[in-house]
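Participant: Chain by chain, the residues:
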Amino acid sequence: MPFHLGEFEQLVLLSLLRLGREGYGVTVRAELLNHARRDVSLGTVYKTLLRLEDKGLVLAHVGEPTPARGGRRKKHYVVTARGRSALQRSMASLRGLSRGLDPVWGAS
Amino acid sequence: MSPLRWLGWVIPRAEREFILGDLEELYGDRPWRLGCEIVRTGSLLRVSRQASLSPLTSHLSPLTRRRSLMSTLSHDVRFALRQLARRPGFSLLAVVTLALGIGATTAIYSVVSPVLFRPLPYPGAERIMTLWERGKDDSESNTGYATFLDIESMSASFESIAAMSSWQPTLQGNGDPERLSGQRVTRGFLSVLGVRPALGRDFSAEENIRGKHFVVILSHGLWQRRFGADPSVLGRQVTFNGIAYTVVGVLPKTFETLLSPGAQIWAPLAYEPSLAWACRTCRHLRAIGRLKEGVTPASAGRELDLISGRLVSEHPTDYSVAGMHLVPLQDRLTRDVRPALLAVLGAVALVLLIACANVSALLLGRAIQREGEFAIRGALGAGKGRVMRLLLTESVLLSLLGGAAGTALAYWGVKGLSALAPAGLPRLSAIGIDGGVLLFTAALSVASGIAFGLVPAFATARPDLFAALRPGGRATGLRSRRLARATLVTGEIALALMLLFGAGLLMRSLHRLLAVDPGFDPAGLLTMEVQTAGPRYQEDDAVRGFFDRASEAVKQIPGVTAAGWTSMLPLGGNFDRYGVRIEGVVLANPANAPSADRYAVTPGYLEAMRIPLQRGRTITAADGTAAPKIVLINQTFAAVAWPNSDPIGAKLQVGGPDRPWWTVVGIMGDVRHTGLDETQAPQIYLPEAQWFSADDAMVLTARTGGDPVQLAGAIRAAIRSVDPTLPILQVATMEEVVSATAQQRRFAFILFEVFAVVALLLAAAGIYGVLSGSVTERTRELGIRSALGASRNGILALVVRQGLTLTLVGLSVGALGSLLLSRFLQRLLFGVGSTDPLTFVGVVAVLMAVALVACWAPAWRATRVSPLEAIRGE
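The listed protein sequences correspond, in order, to chains A and B.
Reading the first sequence from the start, the letters are residues 1 to 108 in the working numbering.
Reading the second sequence from the start, the letters are residues 1001 to 1874 in the working numbering.
Note that these hints are calculated values from the structure, not bench results.
There could be a bad hint or two in this list.
Unchecked claim - Taking beta-carbon pairs under 10 angstroms as the criterion, some of the chain B residues facing chain A (in silico):
(1) A1014
(2) L1023
(3) E1025
(4) R1134
(5) D1138
(6) S1139
(7) G1573
(8) F1575
Built from N, CA and C at the ideal position, the CB exists for glycine as well.
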């Protein structure tokens, strides 16, 4: 059974796709703030990342420690093939449902 | 980054490093924000992880039984935490109450445990015994050197035994002269204690021979303080009292000198049987021994009795009775403080019980409010055991929180206690909060959590479902619960009465004790000890000359009205008792001769102390070395030895049959010497100048017109003007000296007083809580009563009567308990019986008054119940 993605899950997956190899907690949060106008806490980001990881939609790998982080390592996330297709499915259903609604929006 | 280090645990371990790294990257320059974000992130992640498990339903559902014990437990804990957080006022009250109880108990336990329960800090400490000759009245008496040698050679029970006497040498050179506290010991001393020098060696057999005994072993502290912890001190010559001693050893840092508190230096005793002071009747040595492995104290005691029997038959005139006492060192060291410590431990246990009862009553009141919740749980199938476990989790959690807060309290408490502790308390340095104490506190917390949680748990676990679920209804008719609350409060009152009674008895004892006439006038007296030492004071004339000139100099100070020296100060902790032979009185056994406290005094001492002269004359400057020898006796001595005749003009021999005769010229009033509560012993006063050798340390007593402390500096200066090199010790007002003798009782009393006040407050809170709970429950009834015409006073009386009934029942139970418990205080009491009716009446009156006050507020509230609202509001 395919996964149904929540709205925030979609946003996080999209951010990761935009970030490519640079996706981790801090950058995902910044991406959400800059391009989706969502100011969320790091905890919220991690909560979603962990859930996506549980579902096999993203893959985590541990990077190198940097001094700016007090010598701590980063956990990078990339979108898996399953994640990519799940996201495409959601986007497709969004598009399908919103088709023909322009007059409605225009009226409002 | 420091907040990260200790806050980090809130973040689940698997993600901790990465999240902390991210947060550091984001907020690294704002530590406060960083800390907040760590907590925020952590709680968010932890909550979301468990969100799927839905704690609320898991508790309601019987399916929970399938869960593992640990997972249920962690759910119960989380659920209980939320319950507690929901009612912060209630939780805080409960935690503070428990913290008081647990904290006080922890503090007292940490003081009592190293003294009474933990073994002494020596290897195989249970085999270390003290050896005593049996005195006339079965007392424990010191031993003479000849007797000690016989025991050492005849006994087969001991690995080693040792004799010791106290030694106060003055260290000279290498800085200011300083009088040290130390011991002279025979060779076995360190092996009895099982201690080896950390540096150097023990005394050799040869060094116990007179003339070769000028060697010393230093304590670690002295070695550090005076010798800069220099290992090359071994073999160095150090001067004590003008004589050079060679340092042969330094004891380990961990060595605790329990046999002679404060001792810093040890030298060989170096007695020989031929010495005058090594005789059998020269009983001034203390003896200790280490039992051989497998030898019981009882069998060693029997062997000592046999040896003693032989010695008595060989030397019948040297012993008054046969037999010896063998007392384990730990028992002996703790004997004096044991009654006070046990009494205080008992008192604090009562406080803890009261605190538990109080929280129990609180929880019970709370359980009544949660009746509906429990009924729903029951209806959904939660078993009685499951609900009880939930309630017990809550109470244990409360008590653990209380225990944690209590530990903090205890930490401060212990500091206070150490300062307050009686001077004789051994092992003071070992007192503190350590792992053992913490373990005790944890166990205590869990135990008390279960104890106070059980009553509400039993009373609540199976409510009347139908009644409880009826809208607006209460599970009325639950008499068991009301009874439980009444019992708790009654118990609290009973316990409070017991504590108050104990505190009252101790207070009266203390007053009685301090009202005892010491036989002199302590007000306005200053005392200090001066020790002569060094090559200038080898001759008696030089010593006496110094003390004479010093007292003249002191008398010149304006404000000093009288001054004199004495060889020992009453109540000062010294002990100098001589056998006295009376001319013309022949005793079958000279060992039965009366013994008297000997004071060698200079003219002015008796006047400065204001010891009243009953008859005859006192000592004057005319009673010099060459004048006829005279002695003053106290009235007890006069009454005991001359019941039917006049002692003035009688002749006494002090110290032995070869000594000169002294003529009694005066009778002085009795003076308390060892303690205000001791029976009066015979006493004699001799002119110091007439004793056969000069005392090298004397105590000055100076009477001043006003506050003696004001003149302390001037008096010191006067003594220094005669010789600036001599150490001046133990400067104290006589009032301080007197009050120090009551220290043990004061220690117990202060603690009892504190505990009693806490108990009183808790009991009052208990009465108040139960009554106001009951008034709330009876709102409807009270409203109907007043609608039917009950007067305000009638309703007031109704509620107050309810409270006073509880109080009276509690008081009667407490009266019985007090009678039983106060017997344990017996040894601390003085001048009052353990069933003193006056104290009892006073204490009951106090409790009644407090109970009335506690009743008043709920009763007043009951009169304000509006009949209309009460009936409509249901």
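Participant: Each of the hints needs a verdict: does it hold here or not?
Facilitator: Going down the list of hints, with the structure as the test:
1. The beta carbon of B/A1014 is positioned within 10 angstroms of a beta carbon in chain A (closest approach about 9 angstroms), and the interface hint is therefore held.
2. The interface hint given for B/L1023 holds, since its Cβ lies 6 angstroms from the closest Cβ of chain A, which is under the 10 angstroms cut-off.
3. With its C-beta approaching chain A no nearer than about 5 angstroms, B/E1025 sits inside the 10 angstroms limit, and its interface hint holds.
4. Look at B/R1134: its Cβ only gets to about 74 angstroms from chain A, farther than 10 angstroms, so that hint breaks.
5. Because the closest C-beta pair between B/D1138 and chain A is about 74 angstroms apart, greater than 10 angstroms, the hint is violated.
6. Taking 10 angstroms as the C-beta contact cut-off toward chain A, the hint placing B/S1139 at the interface is violated, the least distance being around 72 angstroms.
7. The interface hint given for B/G1573 is violated, since its Cβ lies 61 angstroms from the closest Cβ of chain A, which is over the 10 angstroms cut-off.
8. For the restraint placing B/F1575 at the interface with chain A, the shortest Cβ-Cβ distance is roughly 68 angstroms, beyond the 10 angstroms limit, so the hint is violated.
Violated hints, in rising order: 4, 5, 6, 7, 8; the structure is consistent with all others.
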